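Engineer: This is what each chain is made of:
There are 2 protein chains.
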Amino acid sequence: MTKAELFAEIQKKSSFLCVGLDPDLDKIPTHLRTEKDPFFSFCKAIIEESADYAVAYKPNIAFFEALGPRGWESLQKVLEIIPKDIFTIADAKRGDIGNTSKLYAKAFFEQMSFDSVTVAPYMGADSVMPFLEFEKKWVILLALTSNAGSMDFQLLEDEYGKPLYQSVLEKSQEWGSPENLMYVVGATRGELIGEVRKIAPKNFFLVPGVGAQGGSLEEVAKYGMNSDCGLLVNSSRGIIYASSAKDFSKAAGREAKKLQVEMKEMLERFL
Amino acid sequence: MTKAELFAEIQKKSSFLCVGLDPDLDKIPTHLRTEKDPFFSFCKAIIEESADYAVAYKPNIAFFEALGPRGWESLQKVLEIIPKDIFTIADAKRGDIGNTSKLYAKAFFEQMSFDSVTVAPYMGADSVMPFLEFEKKWVILLALTSNAGSMDFQLLEDEYGKPLYQSVLEKSQEWGSPENLMYVVGATRGELIGEVRKIAPKNFFLVPGVGAQGGSLEEVAKYGMNSDCGLLVNSSRGIIYASSAKDFSKAAGREAKKLQVEMKEMLERFL
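Those protein sequences? They're chains U and F, same order as listed. Counting from 1, position 213 in the first sequence corresponds to residue 212 in numbering that gives the first Met the number 0; the numbering is continuous, with no gaps. Counting from 1, position 192 in the second sequence corresponds to residue 191 in numbering that gives the first Met the number 0; the numbering is continuous, with no gaps.
Don't read these hints as lab results, they were simulated from the structure. In this text the structure is predicted, and so the values were computed from the model without any measurement. From the three backbone atoms N, C-alpha and C, an ideal C-beta is built for every residue, glycine too.
Just the calculated beta-carbon pair ranges, DEER-fashion: (1) U:Gln-10 to F:Lys-201: 54 to 64 Å; (2) F:Val-260 to U:Ala-147: 46 to 56 Å; (3) F:Gln-75 to U:Glu-47: 31 to 41 Å; (4) F:Arg-236 to U:Glu-132: 14 to 24 Å; (5) F:Lys-76 to U:Glu-34: 22 to 32 Å; (6) U:Ala-147 to F:Leu-154: 20 to 30 Å; (7) F:Glu-190 to U:Glu-267: 50 to 60 Å; (8) F:Lys-11 to U:Ile-80: 46 to 56 Å; (9) U:Asp-246 to F:Gln-172: 45 to 55 Å; (10) U:Ala-147 to F:Pro-177: 21 to 31 Å; (11) U:Asp-246 to F:Asp-157: 50 to 60 Å.
Examples of chain U residues lying across from chain F (beta carbon under 7 Å, computed): (12) Phe-62; (13) Asp-95; (14) Lys-105; (15) Ala-124; (16) Thr-144; (17) Asn-146; (18) Ser-149; (19) Leu-155; (20) Lys-170.
Whenever a hint applies, use it, and build me the whole structure from the sequences.
Structural biologist: The following block contains the structure:
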């Protein structure tokens, strides 16, 4: 998917919502747990009820990987039923030396057909660039994450006072363009999103941490939105585990719609 | 596996060799490519011929993942035939927020039964610690890698002149102990291994980059060895692709033995 196509979808739906698919056997409704492929049944129902309000789906690969080969089969099936005009993110946090990253890219872009994959920057240019060589595919590079541990290294300042996450932003702009490179920017640091936007004015940001992790959607939109929105704001648990009753997917749809309505208002105010 | 058990294996075999299993359909002998499970047949033959000389095997997860679910099935079968006294490393470079890292840990430690997994440090404490909660299991944390891109961020210095990889080493010592935490330390920077050893005197190092990537085994041993060896030196391509003829596994065995003989001499000189 191209950036223009993604922006068109955002405008069509008045939404920049990404729904995180984190299927967990301990949390999905009990009536699904005995099915042959509970993860697929769960995600399918969620997708059906939320697809009108979401412009992206983000399966969290760990949740599928933890089941072994059958988890990967579920993942492939889930990916196949996501409508083709919706952006797909393999949240995998991969990254390795060149020839190995190329194989991870093949896993997510060719073996499966995700639009994008999240990548960790620690190993530098040759660990990221192999993912950027696939046409119409995207890297979503970790810059400033939303977890407590983000403070351990990402905020470490160099001799000029520049924190590591800013070096990652600046250096990586030499590797890709706003047409194939997005960044993970955590919403728990609302005040920092504006800083990131200055360094990467045209790139899309994938913003986790709104909702369960405590970030404010309004702050994200105010400080982070650019002329083609430039934001995908993720919600996982707040949507997919809104209810564990039989009508869980209806509840998920309602929560997704609630966020979409807020996002519509943000788009009207800040775009 | 405990550290004492690993050291006992090193002494028994007079070797600190880790064999990297990077099966590639374009590189494995042609007569295997038409088999039902070429990766398994290839790795099995390599393991049979090299097991006397190796104390660790390191499947590179990307190579299996690129095949989708059947790649994961091959990986599980390969893991099952590695002799139980040999240390196993899932070279996966995982790392995510806490509940997600826990699932990656379950994938490699419970769904499969690897002894260790390589982990990327960018997301900090809560992305690494879930892996450390499994008894007799190990984290091998990226510190200083052997690729060109390692210079992009790992050598960035803070205001006191301390490079990032040293902050990773120091900070992570608060999270684990030499009994469950190793580090990836690239051999292409021989002179730096001594620096790393000063910061982490008791931890094992997994050292890639000897052989095809150009590092010197003698420098690694001289600067890196500690009183219980403290080194696992990896060779992948130099062993597994020593020959593409029908007797490829014999050639792999010969290369593994050649390294073991060198390592025996290093252990006599530096241990």
